[in-house]
Amino acid sequence: MELLEFARGPALMFSITVFIAGVLFRIFSLLFMWRTKDTSAAHPGQKPEIMAALSDILRRMWPLATYRQRSLFQWINGYVFHIGLFIVVFFLLPHILFINDLTGLSWGHLPNNLVYAISIVTLISLIAALIMRASNPPQRLISTFDDYFSWLVTFLPVLSGIVATMHIGARYETLLALHILSVCLLLIYIPFGKLMHFFLVFITRGQTGAHIAHRRRTTVLKGE
Amino acid sequence: MADNNRNSQLHGKPVSRTLGEALAERGVSRRSFLKFASYTASILALPPTAATAIAEGLATARRQSVIWLSFQECTGCTESITRASSPSIEDLIFDFISLDYHHTLQNAAGDAAEHARMQAMEENKGEYLVVVDGSIPAGNNGYSTIAGMSNVEMFEETAEHAKAVIAVGTCAAFGGIPAARPNPTGAVPVSELTDKPVINISGCPPIPEAMTGTIAYLLSFAGIPELDHLGRPQAFFGEAIHDRCYRRPFYEKGMFAKSFDDQGARQGWCLYEVGCKGPVTYNACATLKWNQGVSFPIQSGHGCLGCSEPGFWDFGGFYKPLATGKDDTLKYAAGAAVAGAAIGAASAVSVRSKRKKLLEANAAPQAIKEEAE
Chain Y
1 MELLEFARGP
11 ALMFSITVFI
21 AGVLFRIFSL
31 LFMWRTKDTS
41 AAHPGQKPEI
51 MAALSDILRR
61 MWPLATYRQR
71 SLFQWINGYV
81 FHIGLFIVVF
91 FLLPHILFIN
101 DLTGLSWGHL
111 PNNLVYAISI
121 VTLISLIAAL
131 IMRASNPPQR
141 LISTFDDYFS
151 WLVTFLPVLS
161 GIVATMHIGA
171 RYETLLALHI
181 LSVCLLLIYI
191 PFGKLMHFFL
201 VFITRGQTGA
211 HIAHRRRTTV
221 LKGE
Chain C
1001 MADNNRNSQL
1011 HGKPVSRTLG
1021 EALAERGVSR
1031 RSFLKFASYT
1041 ASILALPPTA
1051 ATAIAEGLAT
1061 ARRQSVIWLS
1071 FQECTGCTES
1081 ITRASSPSIE
1091 DLIFDFISLD
1101 YHHTLQNAAG
1111 DAAEHARMQA
1121 MEENKGEYLV
1131 VVDGSIPAGN
1141 NGYSTIAGMS
1151 NVEMFEETAE
1161 HAKAVIAVGT
1171 CAAFGGIPAA
1181 RPNPTGAVPV
1191 SELTDKPVIN
1201 ISGCPPIPEA
1211 MTGTIAYLLS
1221 FAGIPELDHL
1231 GRPQAFFGEA
1241 IHDRCYRRPF
1251 YEKGMFAKSF
1261 DDQGARQGWC
1271 LYEVGCKGPV
1281 TYNACATLKW
1291 NQGVSFPIQS
1301 GHGCLGCSEP
1311 GFWDFGGFYK
1321 PLATGKDDTL
1331 KYAAGAAVAG
1341 AAIGAASAVS
1351 VRSKRKKLLE
1361 ANAAPQAIKE
1371 EAE
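Chains as they are written, first to last, in the numbering used here: chain Y, 1 to 224; chain C, 1001 to 1373.
Pulled out of the complex, with its shape left as it was, chain Y reads as follows (with noise of 0.2 Å):
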């Protein structure tokens, strides 16, 4: 209980509070950030930039022709991890009303059992995407700590989550507050990581679309 008491209290208000300072730290850096201006002449029938940023947004969603067949099973599992993360954060009704306390916002649930089901996909879901980075030669090259890091501050609630709400190992208590405990390593390591994509996916997809727009993907689009 003294466990549960620290996660719920000292612990919580930490990493909330780092992450509120982290968060708006790296967007408006970033906002405010030196910009050098393309000063390349724009292509012949440019999209204006927002459309050119929205259009690679939704182009991104999905592999090129050329890398679809290599790429699927980890684009797949991509969306599969991802809209699992989402409907259990979002979707469980604990969940639900930890945010209505701290936002005062509330929306309807699922029935535990499905989000727990979904969970376990979930879970299986990382340890691929963890076997597939650690088994592809090229992605193990690049990939750096931030990225092993990233990957186990997320897959520690959902699997802390999991062990609590089947009670496995330890008492129902111990188990709450050691995944409150991870998910507090999480929002302290969302600002200062990849993970950060969480809040920059989009914008930084859309630079990166408008400034292809700009120079023309003429490699990009013979690809498709």
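These are calculated hints, taken from the structure and not from any lab test.
Be a bit skeptical, because a hint or two may be false.
Said to hold, decoys possible - Coverage of chain C stretches by chain Y, computed from C-beta distances (three or more under 8 Å per stretch; other residues unrestricted):
1) 1248–1255
2) 1273–1286
3) 1313–1326
4) 1336–1342
5) 1350–1358
Just so it is clear, CB atoms sit at the ideal spot from N, CA and C, and this is done for glycine as well.
Since the structure of chain Y is provided, determine the placement of chain C on it from the hints.
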């Protein structure tokens, strides 16, 4: 007059008789005695064979001297134990124990009461049980006194030659409400003041049968029952309320009462959302229930408060769902948001200005300088 003597006179024989002899003389049949032993075995979650052991243990045991000390308490634990059904407090007092000192239940008062306590301690040195309800104020001896003695003094004096100590109620077991923040009296649980074996029977109040059942176990087996990591008998505190709650299927299905008077509440759905602490509370409420098995708080429509757990009074609001943080989770959120945004913007601006200066210093082409602006 000491209760010891009073009870001896009541039965017309000295207390050194075995319980078996005393019960036989009172006309208690072996059949009813075995029924009693079977029931006690079952509430203690012991195998059926233990009933015989309990019967044999009780039959050959001597009446156990018990000294009950009440400190910072509300008498709720005593109120509770007087409503025990099997074994009832009457069963225990008249048949199995000699309750030599108890503020509420003893006849004696003043010096006579204290004399009874001293006499019981002398006559049963090393053999008597001490039951404590209420926490003990360690902050200042004057906070709570009985017969001119501080609670700490009285407890230490009484526990010194005791066989074991039973801390009855959450106050005695874990400090309870007197120890809730800011704990003005420096209240501590019994276990902090003695080296003797302590059995905690927590609850506010504890389930009557958890108290009488544990005493029956001590008499039957002359040993301490299996305890959990908080020193509570596993038989009564081994399972979470949530795991044995009849409303559990609604939790799994995601059917929750949103308030105490909505459709969900009327349909008997799960009370998790209105603050039930059943998932982190270990007690036998959902199985033994109260008032001879009639009901328990969740059955009567209120979420579990977690009263048998340490620090339950400070464990956030009773009506705050378990999944939420404590009240001060967002204490520094606004400051963090302002600080994060300000530091982020300031660092970006600082980098821009440094870069601009560098470009100027290196006489960069005019075009690039303009872009920088």
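Hints, verified against the model:
1. With a threshold of 8 Å between beta carbons, the proposed coverage of the region 1248–1255 of chain C by chain Y holds, since 4 of its residues qualify and at least three are required.
2. Taking a C-beta to C-beta cut-off of 8 Å, the region 1273–1286 of chain C contributes 4 residues in contact with chain Y, enough for the three needed, and the coverage statement holds.
3. For the region 1313–1326 of chain C, the proposed coverage by chain Y is satisfied: 10 residues have a C-beta within less than 8 Å of a C-beta in that chain, meeting the threshold of three.
4. Proximity of the region 1336–1342 of chain C to chain Y, defined as three or more residues with a beta carbon under 8 Å from a beta carbon of that chain, is established by the 6 residues found.
5. Residues of the region 1350–1358 of chain C with a Cβ under 8 Å from some Cβ of chain Y number 3, which satisfies the need for three, so the listed coverage holds.
In this structure, every one of the numbered hints holds.
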